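K.L.:
Listed below are the residues making up each chain.
2 protein chains.
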Amino acid sequence: MLVLCSGDPKMYEKFWRKMGDKTTITIPGWKSISYFSDTTNICWFLEPEFAKEVVRLHNVVGNAVTEGRYIVVGTGSSQLILAALYALSSHGAAEPIDVVSAAPYYSSYPLMTDFQKSGLYKWGGDAKSFDKDGPYIELVTSPNNPEGHPTGPVVNRSNGLLIHDLAYYWPHYTPISSPSDHDITLFTLSKSTGHAGLRIGWALVKDQEVAKRMTKFIELNTIGVSKDSQLRAAKVLKVVSDSTEEENTQEGESFFKYSYEVMEQRWKQLRAAVEANGLFTFANFPTGFCTFFNKKTQHLPAFVWMKCEKDIEDCQSLLLQHKIRSRGGKHFGVSQRYVRVSLLDTDENFNLFIDRLSSMQL
Amino acid sequence: MLVLCSGDPKMYEKFWRKMGDKTTITIPGWKSISYFSDTTNICWFLEPEFAKEVVRLHNVVGNAVTEGRYIVVGTGSSQLILAALYALSSHGAAEPIDVVSAAPYYSSYPLMTDFQKSGLYKWGGDAKSFDKDGPYIELVTSPNNPEGHPTGPVVNRSNGLLIHDLAYYWPHYTPISSPSDHDITLFTLSKSTGHAGLRIGWALVKDQEVAKRMTKFIELNTIGVSKDSQLRAAKVLKVVSDSTEEENTQEGESFFKYSYEVMEQRWKQLRAAVEANGLFTFANFPTGFCTFFNKKTQHLPAFVWMKCEKDIEDCQSLLLQHKIRSRGGKHFGVSQRYVRVSLLDTDENFNLFIDRLSSMQL
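From first to last, the protein sequence lines stand for chains A and B.
Those letters in the first sequence? Residues 578 to 939, by my numbering.
Those letters in the second sequence? Residues 578 to 939, by my numbering.
Source of the hints: derived by calculation from the structure; they are not laboratory data.
You may find that some hints are simply not true.
Because identical chains cannot be distinguished in the list, a pair is counted as satisfied if it fits within a single copy or across any two copies.
[Stated by the list, open to error] Heads up, simulated SDA-like pairs for lysine to any residue below, C-alpha to C-alpha not over 25 Å straight-line:
id: 1; residue 1: K694; residue 2: A670
id: 2; residue 1: K694; residue 2: R790
id: 3; residue 1: K789; residue 2: S684
id: 4; residue 1: K595; residue 2: S912
These numbers come from a predicted model, not from an experiment.
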């Protein structure tokens with residue numbers, strides 16, 4: 578069975594192996610004894626070295642404004658989504674605030690929002706059909722997961738609170754049009770450099786009170802975030818920034834250039850396979866000017882969001898019959914004619930996926 | 578200001594520095610790319626090496642039965658407490674289940690239970706005065722935090738669900754009487770080896786369904802637990818077990834023997850200081866037979882739980898006037914005549930605490 582239902586970013590292992598010892602980290606036994614990283618920072622468990630490399634990378638890539646922002650580190654961006662919901666909801670309100678997102682939305686949003694049956698916030702469904710008065714929180718994923726398109730908020734009312742999940746706003750997935758500049762912006766190591774197992778995400782937060790409340794959430798939830806993983810993440814981000822600058826001086830291999838080329842090749846193979854069997858369709862993405870690569874580049878989403886054609890009602894089941902485990906449309910708030918498949922597995926598994934896809938017939 | 582309100586275990590840094598490179602860990606950049614550690618395990622993000630060392634250490638120390646138990650790793654034991662509340666509560670119930678603990682209880686319990694306003698569980702207060710019918714969850718901390726005494730459940734009704742928080746059930750804090758053998762038992766690295774910054778805790782769980790639900794909670798909360806910290810924790814636990822076995826063969830310094838001696842010395846200094854000024858009282862602990870040390874040992878709690886005598890109503894404020902930040906009784910569900918002070922800071926800060934305490938006068 579090919580397990581392509583989650584977005585496990587195993588593709589990146591190859592690059593990091595090639596980098597050899599550049600990102601190897603050595604941590605002595607007496608390190609990270611204390612709960613605290615920097616008691617002068619609102620986010621008192623944020624490692625200064627990690628914060629420094631976050632700012633540097635965003636400056637190198639040009640995908641986010643960091644000036645005047647508070648950085649809150651999380652155990653992956655999942656924890657930061659919950660922290661942001663906690664921070665934005667009104668703790669004295671009689672009713673929980675509605676949390677919405679435009680379908681197809683990231684399949685975990687409804688589950689994460691509702692699993693604790695919180696009285697602070699509750700899942701309000703598809704943002705496109707949200708018509709209740711009063712305050713709401715809208716989760717905006719851009720580029721969208723699962724579709725891959727750049728998106729913006731859809732409700733657009735004055736009493737809306739926005740959380741921008743920019744996990745895929747990196748030059749190997751999408752053209753960088755300008756530095757993002759939102760109230761709360763979330764990023765994660767899992768999808769940027771591929772280090773999912775470190776469980777490190779970060780939020781760029783405009784408002785000090787919101788940053789304080791997000792920090793409070795993480796304090797009550799896990800009393801901070803692994804220092805080891807923050808230190809490792811700092812080193813990984815440093816090498817990504819370094820590799821970009823070295824590339825400009827023809828000295829090394831740029832992480833983003835390498836990853837872009839892998840994704841470009843994968844999408845080429847995928848298009849050929851899908852065209853060959855005629856069972857599926859997926860979006861065509863226009864190219865866009867990328868300020869990072871300083872040229873027109875393609876949208877190369879981490880997932881393919883496919884629609885089954887002909888009379889196929891359940892695309893997930895069809896793929897399962899061909900030993901491909903995917904995630905069906907119902908998880909994303911739409912019909913089972915749609916399916917999301919990860920394109921971030923190892924070369925071996927990706928090629929197996931292409932082989933199975935190519936040989937599929939009704 | 579001496580900050581002794583949290584239990585930051587900085588005392589242990591000295592030991593780990595002495596151990597030199599024994600617990601140094603080197604992690605190459607391509608490690609921990611995947612979300613998954615072991616897909617055959619219910620807790621699919623549990624690193625097998627960490628699980629192995631948890632079992633070994635409990636066998637070496639004799640403080641917990643591990644046979645037939647599921648291990649669930651958490652981002653500190655805080656996350657595991659929430660995971661256990663989630664796992665034990667009935668998701669179809671009309672009312673949230675009451676969560677109780679005998680006062681004085683760990684000050685974070687009410688905050689952690691209620692901060693999300695969960696419809697699954699809610700803080701029910703002091704277990705000693707809990708008189709509602711129906712199911713409940715009782716948090717049992719043994720030895721107790723803040724008091725330091727070994728404790729057991731106090732409600733003792735047939736419809737009670739128990740979570741045993743045994744953060745301090747280690748031979749340097751308390752005589753080990755027998756291997757703990759409960760439905761859900763929680764431990765944490767922060768208080769056992771002192772590595773608070775790693776954010777690693779673990780649960781030993783009897784029931785498979787409960788282990789599954791705890792795992793699900795962590796999946797929805799943080800999609801697993803830092804692999805780097807699990808790998809480091811595995812190495813630290815290994816050195817603790819090794820140091821114990823080497824001590825038996827006169828080759829090294831045992832972590833527990835070292836830590837016991839530091840705590841014994843600190844309690845001696847503390848008693849002398851408190852007797853000198855006559856402002857405070859605290860419990861006398863009887864010695865007990867420790868199966869680990871194979872002799873009678875003392876109770877040497879990580880915190881001192883002091884009561885102000887004479888007419889002092891607010892012990893926390895009194896200490897604050899003398900530049901000692903502590904945590905007052907109200908946080909633990911009792912009067913402000915009581916105060917909890919951490920004894921786990923560095924030698925320097927501990928000695929400063931003793932100096933300030935000794936020189937205190939009304």
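K.L.:
Now tell me if each hint is right for this structure.
P.N.:
Do the hints match the structure? See the list:
Both within a single protomer and between protomers do K694 and A670 lie at most 25 Å apart by alpha-carbon distance, with minima of 15 Å and 11 Å respectively. Within a single copy, K694 and R790 get their C-alpha atoms as close as 20 Å, and across copies as close as 15 Å, so both meet the 25 Å cut-off. Taking the closest pair of Cα atoms, K789 and S684 come within 25 Å of each other only across two copies (20 Å); inside a single copy the shortest separation is 28 Å, beyond that limit. Taking CA atoms no more than 25 Å apart as the test, K595 paired with S912 passes in neither setting, with 41 Å inside one copy and 61 Å between copies.
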